[in-house]
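> Protein chains in written order, with our numbering: chain A, 557 to 992; chain B, 557 to 992.
Check before you lean on any hint, since a few could be wrong.
Within a straight-line C-alpha distance of at most 25 Å, the following computed DSS-like cross-link-like pairs (lysine-lysine) qualify [claimed, not checked]:
(1) B:K957 - A:K669
(2) A:K572 - A:K972
(3) B:K681 - A:K669
(4) A:K681 - A:K572
(5) A:K919 - A:K972
(6) B:K972 - B:K957
(7) A:K681 - B:K972
(8) B:K669 - A:K669
(9) A:K681 - B:K681
Covered by chain B, according to a simulated footprint, are these stretches of chain A (three or more residues, beta-carbon under 8 Å) [to be verified]:
(10) 619 to 628
(11) 833 to 845
Simulated from the structure, these hints should not be mistaken for laboratory data.
Note that beta-carbon positions come from the ideal geometry of N, C-alpha and C, so glycine has one too.
There are 2 protein chains.
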Amino acid sequence: MVRRETKIMQTIEQCKEKYEHYKASGLKLDMSRGKPAVDQLDLSRALLSLPGQDDGCLLENGVDCRNYGLPAGLPAMRALFAEILGVQPENVIAGGNSSLNMMFDTVAQAFSKGICGGRPWCGEKVKFLCPAPGYDRHFGITEYFGIEMINIPIGADGPDMDIVERYVENDASVKGIWCVPKYSNPTGITYSDETVRRFARLKPKADDFRIFWDNSYVLHDISNTPDTLLNLYDEAEKCGNADIVFLFTSTSKITFPGAGVACVAASPKNVEWLLSRIQYQTIGPDKLNQLRHLRMLPDLEAVRAQMARHRAIIQPKFEMVLSAFEDGLKGLSGVSWTKPNGGYFISLDLPRGCASRAVALAKEAGLVLTPAGATFPYGRDPEDANIRVAPTYPSLPELEKALELMICCVRLALNKIEFSDSVNFGQRLQKYQIPT
Amino acid sequence: MVRRETKIMQTIEQCKEKYEHYKASGLKLDMSRGKPAVDQLDLSRALLSLPGQDDGCLLENGVDCRNYGLPAGLPAMRALFAEILGVQPENVIAGGNSSLNMMFDTVAQAFSKGICGGRPWCGEKVKFLCPAPGYDRHFGITEYFGIEMINIPIGADGPDMDIVERYVENDASVKGIWCVPKYSNPTGITYSDETVRRFARLKPKADDFRIFWDNSYVLHDISNTPDTLLNLYDEAEKCGNADIVFLFTSTSKITFPGAGVACVAASPKNVEWLLSRIQYQTIGPDKLNQLRHLRMLPDLEAVRAQMARHRAIIQPKFEMVLSAFEDGLKGLSGVSWTKPNGGYFISLDLPRGCASRAVALAKEAGLVLTPAGATFPYGRDPEDANIRVAPTYPSLPELEKALELMICCVRLALNKIEFSDSVNFGQRLQKYQIPT
C-alpha cells in the first residue's frame, strides 16, 4: 500500500485553488491510453539481444526461421498461445505484432468474402453488439466497415445476456459481438461463469455470427485474489458451438507493446477460413520475433513469472487510484468506480453529463485523459458519465499529481463551477476520434 | 565464373539415362521460390542481437520504440526508404515485415472504402492489367478480390505500353496494374526510360486507377553493368500525376525474408488515404524491428555494401544457370531465356505446350520448380511455355545437379519421350495454387 503524502482537499474552493495552481504549473501528463510504464518495458530488456548471434534459428524439422514460410506461425509459438488460451496448438494462428490488426483483418475478410461460405458482409446490413463501456479500438473497426453498433449494458457479471440473446437469436443481421471477457476494458470486470455459458449456448439466427473474444488481459492479474474466466471455447465445443468463437490475445502487455506477438484462435473450420485469406496476404509472420519471444519466455511458467514482475509495478498504481478516489470522491452522489483484480483500467462513473466536462478541465490543466465518450460506440456516451482511468503509464509521483488534479476536475465538473473562459463546459465530442 | 564439372549430355538417349539416374537417386531440391540461401541469411547475423540491451530505444523526440505509437513508422526508417525509392520521407509509410501484405491491404482498402473518395470496388466491375509472365502473388491478390485480370505482354523494355494505354485511357473499370519495374519477376528485365515516362503520362479513364509499382529489387544488382530505372514518382509528379502511383519495397532480400521491414510510398493525398485505414487497423508497426534494421543499416551506403555481399553469393549462381543453358539448350528451336543484371529469377521460355511437362518431369525426379503457369494470371500460361528459374536458394553443388536435371527434363519434354507411366504429360494445372 502506497501512502499518498498530500491529502485531497475537501472544499470546492480548495479544489478550485488547486486546479488553478496545476494549470499555472505547466503540467504535462498523458493518461489517455493503457500503456505500460518504462520500468515495465525494462522487464523485457533481454528481448533486445535475442535470439542472439549464436542462435541457429532452426526448428526441429529444419525450417530456418530467418527465411520465408509458415503462414500460421512457429509451432512452439502456437503451442504457447494454446496453453495461455486453453485450446490446442492447431487452433492457433500466431501472427504479427498486433491482435487489433488480426481482429481488423478478420472483419475485413468477412466483409469481402463472407465467413466460411456465408455471404460477404459488404452490401449487407450488418450489426455488431457492443458491450459498453468497452474498448474504443474495437468500436473503431466496426465503424470503419460501416457496421451498425448496438450498445449493450455491461455489469459486474459481463454484458446483459438477456439483451444479447434477444438480439443474437432473433436478428439475422447481428453478426458479431465485441468482448473483453477478463479484466474488461475499461471496467475491469471478468465475465461470470454463467455469462460465459450463456455465450457458449447462443443459437444465433445468423450462421455467420461470431463472438470476438479479445482476451488481452488473460494473465494480467494485480491481486492476490485474481479473477478466473471460464474457457469459452471448451464450453462452446460442449454445445457443438465451437465455430461461433474467435479468440484473440497478444504479448503486447507481457513484453513490448507494438513489438510483441499476437494470435487468433478458433475452431478447425474457422482456422481454415482464416488461412484462406492469410495465404494471399503474406508469405508469413515475423518468425524471428516469435523465436525471440520463445527464447525469453519458453513456457507458461516463464510467462507467469514475467506477469508477477509486471504486477509488482502496476499494483501500487491501482492502489493509489483507489485510495485517492476513496479519499476524494467517496460519498459524492452518483459517483462510483470499479475495483479490478487485473487489467489496465479503472472505470469511473460520474453523474449524467459530467464526464466530458471533467475531461476537458483536466486537459486544460495539462492532464490528457481518454476522451469522454471514447469507451462507447461512435464515441458517444449516452449519459456522458464514463471516464476510463489508465494508471499504468505515469510513475507513482506523476500519478499522485494526476489523481489530485483529476479529483479536482471531477468535483468542479460536478459543481459546475465556472472558472475559465477557455473551457467549453457544455462541449460534447461531436465526432469519434481515434486518440493517437 | 564457376566451372561446372559435368558436361551436359548431347543425345536424347543420354538425357533419358541421366533422368532415370536422378529419379532413382532420391534427389530432393526445391527451386520453386525466390528465396535467399543460407549464406545470404548469415550476412544479417548481426540483426539477431540488435538493437542490444544497452540500446535506450529512444528517438530524439523522446519516443520509446518499445511502446505503442507511430502508425507510419520510425522517421529514420521512412527516411531510409525514401532515399532508396527516391522520394521524400513524408511520402513513406514504414510498416511490418511484408510488402505483399501492404499491397494486399491497399487493394483491400480500395475494395471496402474506395480510393480517395472514389466508389468502393466491392460490387463494382474492376479489372487489373497484369504484365505476364509476372509475380504469382500479385495475381493471387487480385484473384482473391474477384478482380478480373488482363494479360499484358511484357518485353525487353517492359509491358507493351500501347496496350496498357489503350486499356487505361479507355476503360473506366481498369483500376490498376501490377508492375515489378526493375529486374522484373520473373523475366529480370528493367523497364526502359520511355516505358516509365509513358506510365507517368497515363491519363486514366478511372479517377481511382493506380499503378502498383513493386520495386522489390531496387538495389539487387548482380552485374558490373546494372540496370537503372527512371524514377516514376518524379516523372509522374512532373505531369501532375503523382496520385496514380503506389510504390512498394522491403528489406526482405536485403536482410531476412519474412523478418524484414516493408514500406509503401505515395503522394501526400494517397498517404493520407492509406493512414485513414491504418489508424483503425493497428496502433503501429513493429518499431523495434525498424530500429534493429537502422542499427545495422543506418544509411544507404550501408545498404549498398550489404547488397554487394549478396551479389558475391548470387552472381555465380546466375552465371552457372546461364552457362548450363548455353551448353545444354542453345540452338534448340523455340527455347530462349533471359540474362538479367539483377533480381532473383531467370525466365526460360520453351515451345508452346512444353512447360508443364518439363516441370512435371522435374518434380517426378525430386526437383521442385515453380509450377508451370504460376507466372500468369489464374495460373494459366496461354502458351504453357514459361518456366521461372529461381537459382538463389540451392548451394552451387546442388544447383549444378538441379540444372543438369532441369536440362534433361526440358529436352525430354521437347522430344515428348515417354518413359514413366506416372507422369501425366498432358496435364495442365487446372487451378491456381499458391505454392507454399
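> All hints, please: hold or fail.
Against the structure, the hints come out as follows:
1. B:K957 - A:K669: Roughly 44 Å separates the two Cα atoms, so the pair is violated.
2. A:K572 - A:K972: holds (11 Å)
3. B:K681 - A:K669: holds (16 Å)
4. A:K681 - A:K572: Measuring from Cα to Cα gives roughly 50 Å; hence the hint is violated.
5. A:K919 - A:K972: Holds, because 16 Å separates the two Cα atoms, which is no more than 25 Å.
6. B:K972 - B:K957: Distance of about 22 Å is within 25 Å: holds.
7. A:K681 - B:K972: violated (57 Å)
8. B:K669 - A:K669: holds (15 Å)
9. A:K681 - B:K681: This hinted pair holds, its Cα atoms lying about 21 Å apart.
10. 619 to 628: It holds, with 6 qualifying residues against the three required.
11. 833 to 845: holds (count 12)
Checked against the numbered hints given earlier, this structure breaks hints 1, 4 and 7; the rest are met.
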